[in-house]
Amino acid sequence: MREFLKRSGILVVSLLGGNLGGLLVIPFGLVVVEFVIFPLAFAVGALFAAIGAGWVGNLLAPGGSRFLPIVAISEIAAAVVAVALLVVMARTPPGTLPSPLFVVALGMILIALGASWAAWRFRSPERYMGRDATITLGLVGLAVLLFVATLFVASLFGLTGP
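First residue of the sequence shown? That's 3 in our numbering, and the numbers climb one at a time after it.
Hints in this document: simulated from the structure, not taken from any laboratory. What you are looking at is a predicted structure, and each value in this text was computed from that prediction instead of being measured. Treat the hints with care, as some may be off.
Each pair of labels, with its calculated beta carbon distance range [to be verified]: (1) Y130 to F154: 33 to 43 Å; (2) V14 to G163: 30 to 40 Å; (3) T136 to I111: 40 to 50 Å.
Even glycine gets a Cβ: it sits at the ideal position worked out from N, Cα and C.
Go ahead and model the full structure; you've got the sequences and the hints to work with.
In structure tokens form, the structure reads like this:
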């Protein structure tokens, strides 16, 4: 029962972190086309889901989390979700998808499942809090850089509004 609660705690924090990261990107859908903003929201959300899963994994599970494999699994899950959404968007008439907030929250469930599984699976015998803090800062910086670079490239291709 304790292990179930620990794994559930990792999943919940991963889901909250992913939704926070993804939903911070969604308002920019007002100026960037949907087929750019959804994959960006999933990519940024996956970084935050990995951060949440890694840190809660450090606190709740024995040993320490290995952040980079957690990030890799989260980003792979985000890519799968983004491709699936783009396929659905291509096959449905415009305006028939649910709210963007709902779409991102639904996609984050799958991403958080991947991140929490990875946080439990990729453990190390020791904890390296200093290294984990450095990786966390690097991931937040990567999320900001990814966001700014995507908006810049989208503007170059005319995929932004006025």
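Right, here's what the structure says about each hint:
For the pair Y130 and F154, the supplied restraint of 33 to 43 Å holds, since their beta-carbon distance comes to about 34 Å. A C-beta distance of roughly 36 Å is found between V14 and G163, which places it inside the suggested range of 30 to 40 Å. For T136 and I111, the Cβ-Cβ distance of about 29 Å falls outside the hinted range of 40 to 50 Å, so the restraint is violated.
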